[in-house]
Amino acid sequence: MKRDERSFRVALLADRYVNPPAGGVDGIAVAADAGWGVMQLPADDYPAAVAQRLLFEVAEQAEEFTRHGYDLVLVGECDGLADALARVGLGVPDAINPEGPVVLKEFLDARPVPRALRRADGEAG
Amino acid sequence: MAHCMLNQNSKVGDGAHCAGIYSPIIDVLREKGWRIEQMPCPELAFAGLNRFWAVREQYDTAAFRRHCARLATAVADMIAVRVDKGEDVVLLGVEGSPSMGVTITSSDPSRGGRPEWPDGSPELVSGEGIFVEELRRELNSRGIGFPRVAGDTHAIPGHHEAAQRAVVEATLAKEG
Chain A
1 MKRDERSFRV
11 ALLADRYVNP
21 PAGGVDGIAV
31 AADAGWGVMQ
41 LPADDYPAAV
51 AQRLLFEVAE
61 QAEEFTRHGY
71 DLVLVGECDG
81 LADALARVGL
91 GVPDAINPEG
101 PVVLKEFLDA
111 RPVPRALRRA
121 DGEAG
Chain B
1 MAHCMLNQNS
11 KVGDGAHCAG
21 IYSPIIDVLR
31 EKGWRIEQMP
41 CPELAFAGLN
51 RFWAVREQYD
61 TAAFRRHCAR
71 LATAVADMIA
81 VRVDKGEDVV
91 LLGVEGSPSM
101 GVTITSSDPS
111 RGGRPEWPDG
121 SPELVSGEGI
131 FVEELRRELN
141 SRGIGFPRVA
151 GDTHAIPGHH
161 EAAQRAVVEA
171 TLAKEG
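Chains as they are written, first to last, in my numbering: chain A, 1 to 125; chain B, 1 to 176.
Do not rely on the hints blindly, as some may be mistaken.
As the list claims (entries may be wrong) - Which stretches of chain A does chain B cover? Using the computed rule of at least three CB atoms under 8 Å from a CB of chain B, they are:
1. 4-10
2. 65-77
As the list claims (entries may be wrong) - Example chain A residues on the side facing chain B (calculated, C-beta under 7 Å, incomplete):
3. V18
4. A31
5. E57
6. E99
Said to hold, decoys possible - Simulated coverage check for chain A against chain B, where a stretch passes if three residues somewhere in it have a Cβ under 8 Å from a Cβ of chain B:
7. 48-56
8. 89-96
The hints are simulated quantities; they were obtained by calculation from the structure and are not laboratory data.
In this text, all values refer to a predicted model and were calculated from it rather than measured experimentally.
Every residue gets a Cβ at the ideal spot worked out from N, C-alpha and C, and that includes glycine.
Put together the whole structure using the sequences plus the hints.
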């Protein structure tokens, strides 16, 4: 069986970076290039109740990643995310509102090594 | 689309075949002008990142069905919004998955206990994963037709990226 290729890095991406409007920042392309996985946040056109249910699931998954030492960042903004994360004991992760792909790539590349990887390499963490 | 296509970090251990985003299917969606909506991973929040590889029978419990039904409600909400706007919807799953399979899932009624089994895929059978079944049930209860489906075929013997792409393209091209 081949080696597991995961990066232990997950970006919470506002919908406008997943489905960018014309001229917008393609967060998927940048995340793929930087080796990050993505959790998509609800689109702005969803009713509040729908978005809330989706954010509940995002938060539960984020909690699992965080507990296992994966790095988590927020790209963009999303109403209700802070409350959803708080319900599972998480704060809002380090965030960026990138105006261009280069800034986003630099932000992702500059992140520290995830705790899960430091553990795997035998460092204290 | 299945969560793991955008986030290979959600995969069961030894299952991530790239660092983060599995781009071949994303590329097709982008080229054809489709909007992306990511579904939650049913197994991640239920059994966690340290879960074992498993077949349908190991997940087919009342508790996991309730979990999948909750997720299916959220996903059906998304689909309902898109359908109400007159948008076409296609479901992209993960073939061979006990929860996200759309035409191929995994089954072995005898599997359990100490997790030792030979590599290979004798457990692959035609059918849907448990989450997909629950989503079908939820959409049916709302009178919403089940979307056309295609899947990531990495776990299927003989996987070929060009063939996978052709299936996804054909599925997208059909009339909704």
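Tested hints:
1. Only residues whose beta carbon comes within less than 8 Å of a beta carbon in chain B count, and the segment 4-10 of chain A has 7; three or more means the coverage holds.
2. For the segment 65-77 of chain A, the proposed coverage by chain B is satisfied: 3 residues have a C-beta within less than 8 Å of a C-beta in that chain, meeting the threshold of three.
3. With a cut of 7 Å, the hint placing V18/A at the interface with chain B holds, because the nearest CB-to-CB distance is about 5 Å.
4. Against a cut-off of 7 Å between C-beta atoms, the interface hint on A31/A holds, since the closest Cβ of chain B lies about 6 Å away.
5. Interface hint at E57/A: satisfied, since its Cβ lies 4 Å from the closest Cβ of chain B, which is below the 7 Å cut-off.
6. At a threshold of 7 Å, the smallest CB-CB gap from E99/A to chain B is about 21 Å, leaving the interface hint violated.
7. Here's how the segment 48-56 of chain A fares: 5 of its residues keep a CB closer than 8 Å to some CB of chain B, so the rule of at least three is met and the hint holds.
8. Check on the segment 89-96 of chain A: 0 of its residues sit with their Cβ under 8 Å from a Cβ of chain B, so the three-residue criterion for coverage is violated.
In this structure, the hints that do not hold are numbers 6, 8, in rising order.
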